[in-house]
Amino acid sequence: MRMSARILGGVLLLLSVVTGLVWYAALSEDHRGILSVTFLDVGQGIAVFVEALQVSGSSSTAGPMIRY
Amino acid sequence: MPFYDRSLDMIVATAQAPQTIGGLTDVLSRYGVPSIIRSAARSGAPQAQAFTTAVSAAEAHGTRLFIAQCGVIVDLGGGAKVEIFFPDRDASAMPAEDGCPMFKLMFGKTSFFFSCGTPAIETYVTTLDGSKLSSDVLLTTGDEPEIFAGFVSPQYAIFPCASNASSSVFVKLQIQVESTCNRTMTFISDGSSVQLQ
Numbered sequence: 000m001r002m003s004a005r006i007l008g009g010v011l012l013l014l015s016v017v018t019g020l021v022w023y024a025a026l027s028e029d030h031r032g033i034l035s036v037t038f039l040d041v042g043q044g045i046a047v048f049v050e051a052l053q054v055s056g057s058s059s060t061a062g063p064m065i066r067y
Numbered sequence: 000m001p002f003y004d005r006s007l008d009m010i011v012a013t014a015q016a017p018q019t020i021g022g023l024t025d026v027l028s029r030y031g032v033p034s035i036i037r038s039a040a041r042s043g044a045p046q047a048q049a050f051t052t053a054v055s056a057a058e059a060h061g062t063r064l065f066i067a068q069c070g071v072i073v074d075l076g077g078g079a080k081v082e083i084f085f086p087d088r089d090a091s092a093m094p095a096e097d098g099c100p101m102f103k104l105m106f107g108k109t110s111f112f113f114s115c116g117t118p119a120i121e122t123y124v125t126t127l128d129g130s131k132l133s134s135d136v137l138l139t140t141g142d143e144p145e146i147f148a149g150f151v152s153p154q155y156a157i158f159p160c161a162s163n164a165s166s167s168v169f170v171k172l173q174i175q176v177e178s179t180c181n182r183t184m185t186f187i188s189d190g191s192s193v194q195l196q
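If you read the sequences in order, they're chains W and L. According to numbering that gives the first Met the number 0, the first sequence is numbered sequentially starting from 0. According to numbering that gives the first Met the number 0, the second sequence is numbered sequentially starting from 0.
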């Protein structure tokens, strides 16, 4: 019984450490955004495609926008 | 933008000339667009009317229509904002080519100014706080007065390929002039500075 409690405590401690490491990695990641503005020749006018992206390469959070 | 992504967060329709607005009707039919910015000025051209019909259909499906008016600021999310500078009045009675929206896209300390070459800019620019126009990149038609170019004072001036306007004003102001002829240009802003890729 006492042995089981120690094992359980060890597992919980390990899980806590892993959870802490995951949160540390997530929060310390570089989340600076960049804005990409692309000018496209579409004949008589210009189309402009705007996209806000995360530096880490995750999906866009703003835009895109098209303008003619 | 991946081929399977069929959504655009926002469309800004500027010029309403038939040869320039026609493509947006197809864009609306192919992409889900939650927000549209356009001027209250309307063109009678069939292509512009088709676009108006497409916008109305999109509104029926929940798209929000913003009428471009000086002072309107739209938050695009991700730190990007659009501020409308023109029309500075009710444009519903204005000819479409006069009432086109001019706006500034802002991201951190960097910004992109989109001029539409409205003839009204000659008088409008004299009523402005010129420092508000300052931007890193200017999309120009080349028809703007020199004082406007001086106010914006961009690092780059972008001319549409079809423009026959002179870039001499920008050259005189030592502004780098670029054209979209046979090339696609991408600028990257990190919020502090703008780089041409």
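Check the hints yourself; a few may be wrong.
What the hints assert, rightly or not - Looking from chain W toward chain L, a few residues come up when the C-beta cut is under 7 Å (computed):
{"id": "1", "residue": "Val10"}
{"id": "2", "residue": "Leu11"}
{"id": "3", "residue": "Ser15"}
{"id": "4", "residue": "Val17"}
{"id": "5", "residue": "Thr18"}
{"id": "6", "residue": "Gly32"}
{"id": "7", "residue": "Leu34"}
{"id": "8", "residue": "Ser35"}
{"id": "9", "residue": "Phe38"}
{"id": "10", "residue": "Leu39"}
{"id": "11", "residue": "Asp40"}
{"id": "12", "residue": "Gly44"}
{"id": "13", "residue": "Ala51"}
The hints are simulated quantities; they were obtained by calculation from the structure and are not laboratory data. Since this is a predicted model, take the numbers as computed values, not measurements. Using N, Cα and C, we set each Cβ at its ideal position, and we do this for glycine too.
Here is what the structure says about each hint:
Checking W/Val10 against chain L: minimum C-beta separation of about 40 Å lies over 7 Å; hint violated. With 7 Å as the threshold, the beta carbon of W/Leu11 stays out of range of chain L, its nearest partner Cβ sitting at about 39 Å, so the hint is violated. Here the hint on W/Ser15 is broken, as its CB sits about 34 Å from the closest CB of chain L, past 7 Å. Checking W/Val17 against chain L by beta carbon gives a least distance of about 31 Å; that is not within 7 Å, so the hint is violated.
The beta carbon of W/Thr18 is not positioned within 7 Å of any beta carbon in chain L (closest approach about 28 Å), and the interface hint is therefore violated. A cut of 7 Å between beta carbons decides the hint on W/Gly32: the least distance to chain L is about 5 Å, and the hint holds. Nearest Cβ of chain L to the Cβ of W/Leu34: about 4 Å, under the 7 Å cut. The hint holds. Annotation: W/Ser35 was flagged as interfacial toward chain L, and the flag holds, the nearest CB pair being 6 Å apart, inside 7 Å.
Interface restraint check for W/Phe38: the shortest CB-CB distance to chain L comes to about 5 Å, inside 7 Å, so the restraint holds. A distance limit of 7 Å between C-beta atoms decides the matter here; for W/Leu39 the minimum to chain L is near 5 Å, and the interface restraint holds. Because the beta carbon of W/Asp40 sits about 4 Å from the nearest beta carbon in chain L, less than 7 Å, this interface hint is met. Given the 7 Å rule on beta carbons, the hint for W/Gly44 holds: about 4 Å separates it from the nearest Cβ of chain L.
The restraint placing W/Ala51 at the interface with chain L holds, with a minimum CB-CB distance near 3 Å, inside the 7 Å limit.
Of the numbered hints stated above, those contradicted by the structure are hints 1, 2, 3, 4 and 5, listed in ascending order.
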